[in-house]
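*Asks:* Take a look at the letters that make up each chain.
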Amino acid sequence: MITLDSLEINQKVKVKSLVQNGLTSKLVDMGIYPGKDIHVAFRAPFGGPIAVDLDGYTLSLRREEASLVEVEL
Amino acid sequence: MKIALVGNPNSGKTSVFNQLTGLNQKVGNFPGVTVDKKVGYLKHENVSHELIDLPGIYSLYPKTQDEEVVYDILRNPDHADYPDRILVVVDASNLERNLLLFTQVMDLGVPVTMALNMTDVADRKGLVIDTQKLSEVLGGIKIVPIIARTGEGMEVLMEEVIHDAPPVASEPFLGGEFDKGQFLIDNVDERKARVENRYKKIRQLLTFVLKQKPVSGSIVERHRKVDKFLTHPVFGYLVFLGVLLVIFQAIFAWAEWPMDLIDTLFLSASAWVQDALPPGVFTDLLAEGIIPGLGGVVIFIPQITLLFAFIFILEETGYMSRVVFILDRFMRPFGLNGRSVVPLISGVACAIPAIMATRTIDNWKERLITIMVTPLMSCSARLPVYTLLIALVVPDQYIGPFNLKGLVLLGLYLIGLVAALLAALVSKWIVKSQQKSFLVMELPLYKMPRWNNLVITLWEKVRLFVFDAGKVIFSISIILWVLASYGPGDRIEEAVSQIPKPTTEAEVPDYEKEVSSVALANSYIGIVGHAIEPAIRPLGYNWQIGIALITSFAAREVFVGSMATIYSIGEDFDSEETLIQRMRNETNRLTGEPVYTLASGLSLMIFYAFAMQCMSTLAIVLRETKNWKYPFIQLVYMTGLAYVAALITYQLLS
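Quick mapping for you: the protein sequence lines, in order, are chains A and B. Sequential numbering of the first sequence, starting at 1, is according to this note's numbering. Sequential numbering of the second sequence, starting at 1, is according to this note's numbering.
It should be emphasised that the hints constitute simulated quantities derived from the structure, not laboratory data. Don't take each hint at face value.
Quick list of in silico lysine-lysine cross-link-like pairs, DSSO-like style, CA-CA up to 27 Å [to be verified]: (1) Lys-201(B) to Lys-16(A); (2) Lys-200(B) to Lys-12(A); (3) Lys-211(B) to Lys-12(A); (4) Lys-201(B) to Lys-14(A); (5) Lys-213(B) to Lys-436(B); (6) Lys-16(A) to Lys-447(B); (7) Lys-228(B) to Lys-14(A); (8) Lys-43(B) to Lys-12(A); (9) Lys-12(A) to Lys-133(B).
Owing to the predicted nature of the structure, the values given are computational and were not obtained by experimental measurement.
Use the sequences and the hints to build the structure in full.
*Replies:* Printed below as a string of structure tokens:
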């Protein structure tokens with residue numbers, strides 16, 4: 001299983017599914033839903049949050065939040 | 001008619017609100033929470049309509065306090081703020097995500113208008129939106145393209161919202177979810193599934209109405225380059241340090257003279273009242289209680305204005321979210337998040353604007369912890385106390401190239417920071433919360449701030465402080481004045497009559513100073529100062545310090561003035577030397593040893609570093625938490641910490 005936090009920068013993927021969890025409904029609100037094209041745009045230093053691109057809009061989330069998002073190449 | 005303004009954060013909703021209502025707005029609070037409720041008035045054909053600016057949200061299903069507020073209103077048609085019409089601001093450059101909220105609102109069944117904002121940014125991204133078709137597929141709702149930042153399209157928008165009754169969508173976008181202000185789905189997972197379906201439907205719809213033109217040198221790519229620099233492991237932090245340096249330079253350089261001016265103005269107002277009015281209780285109350293009490297509120301305005309001007313610029317340009325992005329990692333171990341950084345650092349200037357700035361933290365637990373620990377940061381009001389005490393007890397020595405006095409001052413600032421972080425760590429285990437900590441945050445495109453929005457923001461912040469916290473500050477100053485000016489029975493009169501009367505004109509000033517000293521020592525505060533002496537003796541303090549501790553509860557810098565009164569020294573700027581001399585000569589009644597030694601001086605500095613000696617901060621904490629419990633806990637824990645730390649310091653060094 002590949003998750004959003006483990007991707008290379010600019011590696012283009014699609015969201016496959018989200019773990020059932022109180023947090024993931026926030027992620028869905030922000031536009032991370034199954035079928036969505038997504039890639040990591042840049043990362044914060046020292047293990048901080050990551051910034052993902054969703055159709056030209058930038059969303060930041062912590063790595064453990066990103067690990068709740070399963071993606072497919 | 002009530003019109004609600006709804007939209008995503010960063011959709012330009014505030015600009016729309018300001019454009020539509022100008023300065024014709026008032027700020028209040030939604031009941032029970034500290035979320036700003038802004039209401040503006042639109043006049044059209046002599047009928048006034050209310051425009052309610054609801055907090056920026058991403059979804060009608062609440063995850064944050066802001067979203068909770070909107071949720072409570074929109075699902076309850078009997079709510080006092082339930083709107084007759086809704087105006088939704090939609091960011092045209094980010095249509096898919098913005099349409100989630102729009103279609104949810106549309107399905108509520110309230111007449112709705114779409115303000116399609118930032119059409120210029122969409123244009124630069126190469127996005128072509130067929131608004132005609134968008135309106136058709138959304139059931140015939142009204143769409144007005146605007147650029148709120150420049151005011152383009154605002155007149156049409158005004159006309160559409162107020163004049164013509166906007167059509168209700170002919171059918172819901174997604175059936176079975178909402179019905180006339182009712183939310184039909186309660187289950188969290190089912191709500192999430194609904195949002196996913198909605199997104200899928202929006203995506204289908206967008207294939208008909210949205211075309212992507214190829215653009216050279218896309219705006220997104222250029223902004224990404226800036227992002228990579230500002231979040232770089234080295235340059236990112238250097239830039240942030242540089243920004244901080246500029247802010248603090250500016251605050252200390254620019255806030256000082258208006259503060260001195262306010263000080264002088266209120267002092268001369270007091271003096272004038274004392275001269276112009278017949279002597280008596282009323283004149284004293286006015287000159288020594290009310291006017292200085294008002295001055296004590298007004299004096300904070302320069303710092304609040306400046307700090308919020310900078311915070312506004314950081315927020316508006318989009319830089320603030322990058323700061324949060326690169327610092328979140330360092331704050332999390334302490335139960336804080338990236339958004340706590342700016343309030344904490346602002347605390348070095350003044351805890352009041354710092355605590356007001358915690359509103360950007362949407363997790364209540366993290367916000368509360370930030371509020372509770374920010375006053376431990378050494379604020380500028382502690383500086384006069386530190387300066388006096390360092391000059392008094394720290395020897396003028398060098399350790400290597402460093403002056404010992406400077407090192408002690410630096411140490412006091414560091415100890416404040418460390419104490420704040422440790423207190424946060426402890427609070428993390430104590431404060432309970434069901435709300436999970438998350439940092440799912442939009443990083444908006446960079447943009448120039450709109451200066452008319454700045455004026456409105458500053459006006460709001462100052463008003464909030466003066467009228468809300470100001471009331472508490474003013475009342476406590478009056479109470480403290482009464483306690484410092486009156487004593488039981490005619491105790492003060494008796495004590496004063498013991499002082500030998502001046503025989504020559506030259507002795508009058510000294511006599512007057514002696515009188516105020518004796519009067520203070522025999523006032524209610526003086527009595528309390530004497531009474532607490534046994535409790536503070538282990539810290540190395542005498543009753544004179546006890547009095548100064550109580551009077552400086554109003555504000556820390558009052559310590560210096562109180563010391564001057566107690567030691568009968570006029571409050572001139574030149575007399576600091578003499579005050580230091582007097583204090584240096586002070587000896588303990590029992591042992592004959594000097595009172596102000598390195599041990600007692602450091603113990604006193606530590607006490608001031610930790611103690612909650614600032615009623616204005618308590619007033620603003622009450623205002624921001626809406627609960628007496630929190631300022632009370634803060635007062636107790638900080639004073640307790642100060643006492644124990646000062647005790648240890650004194651006992652170790654003496």
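*Asks:* Indicate, hint by hint, whether the structure satisfies it.
*Replies:* Cross-check of the supplied hints:
1. Lys-201(B) to Lys-16(A): holds (17 Å)
2. Lys-200(B) to Lys-12(A): The given pair, whose Cα atoms are some 20 Å apart, holds under the 27 Å limit.
3. Lys-211(B) to Lys-12(A): Distance ~21 Å between Lys-211(B) and Lys-12(A) Cα, so the pair holds.
4. Lys-201(B) to Lys-14(A): Roughly 17 Å between the alpha carbons, so the hint for Lys-201(B) and Lys-14(A) holds.
5. Lys-213(B) to Lys-436(B): Distance ~41 Å between Lys-213(B) and Lys-436(B) Cα, so the pair is violated.
6. Lys-16(A) to Lys-447(B): Since the Cα atoms of Lys-16(A) and Lys-447(B) sit roughly 34 Å apart, the hinted pair is violated (cutoff 27 Å).
7. Lys-228(B) to Lys-14(A): Roughly 24 Å separates the two Cα atoms, so the pair holds.
8. Lys-43(B) to Lys-12(A): The given pair, whose Cα atoms are some 51 Å apart, is violated under the 27 Å limit.
9. Lys-12(A) to Lys-133(B): violated (31 Å)
Taken one by one, the earlier hints fail for this structure at numbers 5, 6, 8, 9, listed in ascending order.
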